[in-house]
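Undergrad: The lines below spell out each chain.
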Amino acid sequence: MTLLKVENLTKKFGGLTAVEDVSFEVKPGEVYTLIGPNGAGKTTIFNMISVIYPPTSGRVIFNDHELHHVSPDRVVSYGVGRTFQNIELFEHATVLQNLLIGRHAHAKTNWFAEMLFLPSVKKRELEHREQVEKVIDFLDLQAVRESLVAGLPYGVRKVVELARALCTQPKLLLLDEPSSGLNVEETDDMAFWIQDIKNELGITVLMVEHDMTLVSRVSDRVLALNYGRKLAEGTPAEVQAHPEVIAAYLGQ
Amino acid sequence: MRFIFKTRYEQDLQIFRHRVSAGWYAALLVLLLAAPFVIPDYYRSQFVFIFIYGVCGFGLMLLSGFTGQISMGHAAFLAVGAYTETILQAKGIPFVVSAPVAIVLSSITGVIIGLPALRLTGIYLAIATLAFGSIVEEILARWESLTGGNSGLTVPGVKLVMNKLDGEIEFYYLCLACVIGAGFVVFNLLRSPTGRAFIAIRDSEVSAQSMGVNLSAYKTLSFALSAGLTGLAGTLYAHQIKFISPEQFTLAVSIEFLMMIVIGGMGSLHGAIFGSIFVISLPEFIGGIKDYLPQAVAEQTGLKSTIFGVIMILFVLFEPLGLYGRWIKIRTYFSMFPLYKKGMFQRQKAYQKSERMR
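Sequence order for the protein chains is A and B.
For the record, in the first sequence the residue sitting at position 22 is 1377 according to my numbering, with numbers rising by one throughout.
For the record, in the second sequence the residue sitting at position 42 is 223 according to my numbering, with numbers rising by one throughout.
Here chain B stands alone, though its shape is the one from the complex (with noise of 0.2 Å):
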C-alpha cells in the first residue's frame, strides 16, 4: 500500500500521482512505439483503430461521462470530419492544415447541435441527437457533386506536411500522437475550471447555476469540444479505411461509440481506452471462439450484437463504473494484498433526492 505524502498544493496538479505511475506510463509508451516492429500488420491496424476509437471515446466521455449530455449522434461528427478530410487531401492541402480545419467544421456542427440541448436534458437529448444523427447521414448520401453519394468516395494517402506519408508505420505513430494529444487535452481541461464546471453541470445543474456556471455556455462549449475531438478521429478514420461512403456512419456506430464508454466506465478518462480495446478486440474474440461453438450458434448472423448486448447488460447490473472500475479493484486489490477485504467497493444505498429541481 503506497500513501502520498503530500506537501505541496501542486502535487495535486500533477499529471501523474507517483514517480511509479509516471514509470508504467513510460513503459507503455515505450512498449506502442515499438509494437509495429515487432507485431504483425494485422494487429498493428487493429492498434491504430483502437487509439482512433480512443480519440473519439475521449470526445464523448468529455461530453456524456463528465458533462451528462448524451450524445446518440457522434458518428455524425466522425463523418463530418471523415469527409472534410478526404475532400481536402483529395485537393492536395496537408493534414496539418486539413485536420484543424475538419476540427473546427465538427465543432461547428457541434454547437448546432448543442442548441438543442440547452432546452432538453435525458432521453429527450438522445432523441435530438439520433435525428440530428439520420439527417447527416441523408445529407451525406444525396449531396452528391461534394459527396459522391450513395457510391462513396476513395481517401487518398496521408499527405502530412509536404510528401506523401510512405508507410502504414508512419500513419499509426501519427494515429498515436493523436490519441495521446487528445487525452492530455481532455485531462488538462479536467483539472482546470472549465472541466469542473463540466462535472458540476453533470451532478446538478440547479448548484452549478447558482456557483456560477453559465450553463448554456458549458453545455455548447462541451459539445463543441466533444465534437471536434471526434472530428479529429474521424479524419484519421477516413484515412484508416480508405473509402468512405454514408454506410460507414449510422446510428450502429453512434451507438458503438456509447457502448464503448459505458462498458469503458463512465466519467474516467481510462474508461475510453478500455472502452476503445474492448469494442475493437471482441469482434476479434468473438471470431476466435466460433470455432468452438457449435455451428447452429457461430452461423447466426446477429452474434456480434448478441453478445455485445448481454455484455453490456452485464456491465449495467453488476459493474456499473465499466471496465475501469473492474481495474480499480483488481489495482487495490494487488497494492493491498493481502488485507483487501470483499465488501471495500460495496456501494452505499444513496439516500432519495424528494425536491430535484429539474
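Bound-form chain A, shown alone (with noise of 0.2 Å):
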C-alpha cells in the first residue's frame, strides 16, 4: 500500500545532476522527511513531484496517477499541497485572501456570474469560508485573518503558508524546510502541529528538514541524500547512525 511512488526519478540541468535515479515510497498516514546536506537534490525532488519542473527521466506516482504527465495547476486537485522554502505567500493580501486561495482547486469559477456576483457565487463564497475558518481554527490563526502578509512576522507567515496549504485539502503535504528561520519555541509548534496534522487529519507529510531535532520527533522514515543520490533510508534513529550519512555530513 503506498501513496507517493517515486521511480528513478534523474533531473539533470544541463550538465549538472541534481538529482540521480531516487526511489522511494510513502505509504498513507506516516511522515517521510528527506534530509541531506545542502544541493543534495532534496527541492528539486520536491519541484519534480508538485511538477514544477519536469524530470529527465523517472516516474512520479500518486495514487496511481503519473504526476509527471499533469500540468503544474492541475496537481493541486489530484490532492498534493506544498509550502516553499522561501515563503512563497501572496503578501499584499490579507490572511483570510491567502487561505481563500488554496480552496481555488475547489472553486468552479465562472467570471461571468462572479462578475455579477449571483447569489450562487456567494453561498460558494461562504462555504468555502467555512473550510477556511476550519483550518484557521485548526492553526490558532484568528488572530492575524485580516492582517496583510507583508507587515506579519517570519514565524507567523511560516504558520499562514501551513494553513494555506491545509486549505487546499491535501493527501499529501509537501513541506519544503517547515523550521527554516524559526526560533525554538516556534519550532516546537511546528512538530505539534506536524503530528496533529497526521494524527488529527489524517494527511501524509513528506517533508525536508535540516532540524535533526524535529525530523526525529516527527517522522515515520527517513531518507538521507548527497549529491542527488540515495544514501540511506530508514527510521530516523537508523538514518543517523549510517557509516555514509556521518560521511557525508562531517567527512570521513
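Not everything, but these chain B residues come out facing chain A in the computed CB check (under 10 Å): (1) Phe-365; (2) Val-367; (3) Gln-390.
Calculated directly from the structure, the hints in this document are not laboratory data.
Beta carbons are placed, not taken as given, at the ideal position from N, Cα and C, and that holds for glycine.
Reassemble the complex: the two chains are provided individually, in unrelated frames, and hints are given to aid placement.
TA: Below is the structure:
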C-alpha cells in the first residue's frame, strides 16, 4: 500500500545532475522526511513531485496517477499541497484572502456569474469561508485573519503558508523546510502541528528538513540524500547512525 | 474609531463595510446625479471625462494593479472601442447593441495581445504591448476605407435605443451609469475566486500555480476583461470628443493611463477614480496657475508633461500607494483623532527573497 511512489527519478540541469536515480515510496499516514547537505537535490525532488520541473527521466506515481504527465496547476486537485522553502505567500493580500486562494482548486469559477456576484457565487464563497475557518481554528490564526501578510513576522508567515497548504485539502502535504528561520519555541509548535496534521487530519506528510531534533521527533521514516543520490533509508535513528550519512555530514 | 463587530461571514462579502460608509456613497451618488443641473456646462464635460477615464482606469487597474501585468498599449483598446462605436452608430445601430459589440471586439484584441503575455513579464511585456499599440495606431491610419485614415471620422450623436439622446445631460448620466457599472463588476470579481486568482498571479506566480491557478487562462482572461472595459470607455470617449483620428490614440495616451493608476494608487479601485480625477483636473490646475508664473515658464511647451513627471516621481518616492494611500492616512487621522501616530504607516523593510523562481 503506497500513496506516493517515486521511481528512478533523475533531473539534469544542463551538465549538472541534481537528482540521480532516486526511488522511494511513501505510505499513507506516515511522515516521511528527506534529509541531506545543501545541494543534495531535496528541493529539486519536491519540485518534480509538484511538477514545477519536469523530470529528465523516471516516474512520480501518486494514488495511481502519473503526476509527471499532469500540468502544474492540476497537481493540487489530485491532492498534493505544498509549502515553499522561502515563503511564497501573496504578500499584498490579507491572511484570509491567502487561505481562500488555497481553496482555488475546489472553486468552480465562472467569471460571468462572479461579475454580477449572483447568489450562487455568494453561497459558494460562504462554503469556502467555512472550510478556511476550520483551518484557522486548527492552527490558531484567528488573531491575524485580517492582517496583510506583508506586515506579519516571519514565524507567523510560516504558519500561514502551512495553513494555505491545508486549505487545499491535500492527501499528501509537501513541506519544504518547515522549521527554517524559526526559533526554538516556534519549531516546537511546528512539530506539534505536523503531528496533529498526521494524527488528527490523517494527512500524509513528505518533508525536507535540516533540524535533526524535529526530524527525529516527527518522522516515521527518513531518506538521506547526497549529491542527488540516495544514501540511506530507514527510521530516524537508523539513518543517523548510518556510516555514509555521517561521512556526508562530517567528512571521513 | 469604529470597531466593526462581525457576527456573520456574510459581513465580509458586503459591498459597504458599514452603514455610515454606505451613507457616504449614497450622498456622493446624489451629488453626482444633481451635478449637471447645477454646475456650468464646461465642468459637466470635465466630469464626463473623469467618468470615461474612470472606466478605463478600472480596466487597467484590473490588469496592472491586480494581475500585475503591465500594459503600455491600452490606447489601442480605447481605439478599437471608439472606432467600432463610431462605425456602428453611423450605420444607425443603437448604443445598447454597438457598445457590447465594441466590448467584445476589444476583448478579442485583448486576448491576442494577451498571448505574448503568457511568456513575457515586466519590462519585456511593456515593450510587447507598446509595439502592439503602435501597430493598432498604424492600422487605423492606413485602413482608410474603414477608418477614414488620418483625416478621421466624425462621430454621430448617441443613439441609445430608438432615438438619439437629445441633451448632453443624458450623456452625462449614461457615462455615470457606465462607470458605476464598471466599478461594480470589477469589485465583484475581486471578492470572488477569479479576482483572488488574479491577485495570486500578481504576488507569486509559482505559488499561484501550486494552488491550482491556471496561469495562462487567468492572464488571458485578465487581458480580455481589461481590454473590454477599456473598449467601453472608448465608445463613450468617441461620443465625448465627437471626432476621432489615429492621433487621439497614441502612446502618450497609454502612458497617461498608466500614470493615472500609479498616481491614483496601484491595487485599489478607489485609486482608479482618484487617478482619473487627477489626470483630468491637473491641466485645469496648470491653466489656473499659469497667470501667476513668470512668463518664461508659463509659455514653455512641455509645462504639463514636466509637472506630470515631477509629480509622478514624487509619488513613487514618497507615496507608492498613490492618492489612495494618502486618502487612507487622512481618513485614519480623523477617525483616530487625537491618537494618530506619525509612525503608524511606516513601511517595514521586507527581507530579501533569495530564491524567487521567475
